[in-house]
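Here's the letter readout for the chains.
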Amino acid sequence: MLELSDHSRAMLAGDAGKAMQLAMRLVVKAATIMEAERLIPISFAHLDACFYTGQAHVDFVRFLIENGATLAVETWTNNGVVSLADPTLRPEREDPETVQGATELMRLYEKLGTRPTWTCAPYQHAGGPKFGDHIAVGESNAVSYYNSVVGARTNKYGDYLDVACALTGLAPDAGLHRTEERGATLHIDATGLPEEWRREDVFAHLIGHHTGRLAGRRVPVISGLFPDAPKHALKAISSAAASSGGVELWHGTGVTPEAPELASVFRGTQTHVVTVDDLARAHRDLSTARDGPLDAVALGTPHFALSEFADLVRLLDGRKVRSGLPFLVSTSRVVRELARAKGWIAELEACGIEVPVDVCTYHSPRVRGLQGRVMTNAAKWAYYAPGMLGVEVAFGSLRECVESAIRGEVWRDPALWSAR
Amino acid sequence: MIRARILTGEAAEGSVLSLDEPLSFWGAFEPRTGVIIDVHHPQRGACVKGMILLMTETRGSGSAPGAIAEAIRLGTAPDAIILAEPDINLAVGAEVAAVLYGRHCLIACVTLDELARLRSAGRLRIAADGAVTAG
Chain B
1 MLELSDHSRA MLAGDAGKAM QLAMRLVVKA ATIMEAERLI PISFAHLDAC FYTGQAHVDF
61 VRFLIENGAT LAVETWTNNG VVSLADPTLR PEREDPETVQ GATELMRLYE KLGTRPTWTC
121 APYQHAGGPK FGDHIAVGES NAVSYYNSVV GARTNKYGDY LDVACALTGL APDAGLHRTE
181 ERGATLHIDA TGLPEEWRRE DVFAHLIGHH TGRLAGRRVP VISGLFPDAP KHALKAISSA
241 AASSGGVELW HGTGVTPEAP ELASVFRGTQ THVVTVDDLA RAHRDLSTAR DGPLDAVALG
301 TPHFALSEFA DLVRLLDGRK VRSGLPFLVS TSRVVRELAR AKGWIAELEA CGIEVPVDVC
361 TYHSPRVRGL QGRVMTNAAK WAYYAPGMLG VEVAFGSLRE CVESAIRGEV WRDPALWSAR
Chain G
1001 MIRARILTGE AAEGSVLSLD EPLSFWGAFE PRTGVIIDVH HPQRGACVKG MILLMTETRG
1061 SGSAPGAIAE AIRLGTAPDA IILAEPDINL AVGAEVAAVL YGRHCLIACV TLDELARLRS
1121 AGRLRIAADG AVTAG
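Residue numbers (the numbering used here), protein chains in the order written: chain B, 1 to 420; chain G, 1001 to 1135.
Read the hints as simulated data drawn from the structure, not as lab findings.
These figures come from a predicted structure and were not determined experimentally.
The C-beta atom is built at its ideal place from N, Cα and C for all residues, glycine as well.
Treat the hints with caution; some may be incorrect.
To be verified - Using 16 Å as the maximum straight-line C-alpha spacing, the simulated EDC-like pairs for lysine to aspartate or glutamate come out as follows:
no. : chain 1 : residue 1 : chain 2 : residue 2
1   : B       : Lys29     : B       : Glu3
2   : B       : Lys29     : G       : Glu1085
3   : G       : Lys1049   : G       : Glu1030
4   : B       : Lys29     : G       : Glu1010
5   : B       : Lys111    : B       : Glu74
6   : G       : Lys1049   : G       : Glu1013
Claimed, not checked - Derived coverage of chain B by chain G (criterion: at least 3 residues anywhere in the stretch with Cβ under 8 Å from a Cβ of chain G; other residues may be distant):
no. : region
7   : 27-40
8   : 56-70
9   : 133-140
Using the sequences provided together with the hints, build the complete structure.
Structure representation (structure tokens):
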């Protein structure tokens, strides 16, 4: 039976206006369905409802603003369907209804008082949640990263409920907010694979994809990752496992904060030993195209990290992408400015690379209009693009993407085990 | 008699559309027409508008609340959806649409066995107290 504070009860009764009443109704509805006994305070929210899917989204936030809604916590925004920073990225004439609706929706969320981060990788920005914080997040890869790598606590809050939690500052005390729900029931053991393989950048994407396939919606624990793995590798695991399986929390022994060792989190009996064949299968799973002439490269799903820009600039080494071949690197405004300050954006642009912000590359017209063979190093992009964009995907390492873009055809790294 | 747990909405009655596979309201369903568009779904081409929709569960997507709300806004949504497990996304989407548009889509759940029994009915009536009767 759900117990409510006097404050929550008053809000539910409409004392704080119709907008806050609706927000509290949604939180209470979710808590009742989840059989929570109480609501708990949250300190942060990241909204997915700012991503335009139809007029109802616009009507919802407009209703909130017109009825005096105020955010209770620091609230950041996921990427939009259009870029406010660069409107030419998706001109209105292309699809007036969607572009107008999406633009209006993003403006309304700014008006509501959110911090307009427009990124699916908010954890790459300073000032976000910390270990143990209760938060409300909607975007699947961010749910997975915050729970797993940061050790903050959230369920996957769908559209409207994410906003309702941000307005009330409350979430149901249920699911991954509760310690007893955060144990792992599946052990993915990658320790038997050679170390040099596990150090390759494709490994994070492949083990993430494989883990999601095996775990489904369960909480897995992976052993065999390195404590000094770059954060962008943990981003890759988080997003790949969330796409292929719906993983909202994973642990990595000696890597993620709740799993100093296996026994800290493992509550199950099932162990899966990862083999070379498993990773080869994951690689095949993520590549729908045979190697051959290349039509485009798309990186930055989830949004490219500053450390990835450093790797890209180093691998490119001033060489130019083949003339006419679109090469997109999707990121946030904040990260693009950090990269610009280092001179990297100018350098990449001079080599023929575009760096769109505020959006996901699925919704950039350059990519939307594409056909044929597109290369990516991102498991999440590889997983969704064939269905969403109708393109064929050649999945590869960052180095393979760069060398292929220069040559204009898919190039496989002979030094890389996964290419064999 | 079967008594459903009503997650949101009021009484409903109508013809039954029984789905053999879970449906994702975002991506597999077109809110402008109410038609199932997922090429992998066995009931592809079926229209859910005004029906009592039966399915074990939805395929998870955080965008489902927006899709069901949009369908309710456009009048293409089912009148009721009966599932075999509680679904927060559908309940939230239907709740928002009820406040914004004054239109309802009843979301309820029953046990898996009860759902199997309901599938053979041509028409169903769900009362405000959750009582489900045929015809």
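Here is how each hint holds up against the structure:
no.	hint	in the structure
1	B:Lys29 <-> B:Glu3	13 Å, holds
2	B:Lys29 <-> G:Glu1085	15 Å, holds
3	G:Lys1049 <-> G:Glu1030	11 Å, holds
4	B:Lys29 <-> G:Glu1010	15 Å, holds
5	B:Lys111 <-> B:Glu74	14 Å, holds
6	G:Lys1049 <-> G:Glu1013	13 Å, holds
7	27-40	holds (count 4)
8	56-70	holds (count 5)
9	133-140	holds (count 3)
In summary, this structure violates none of the numbered hints.
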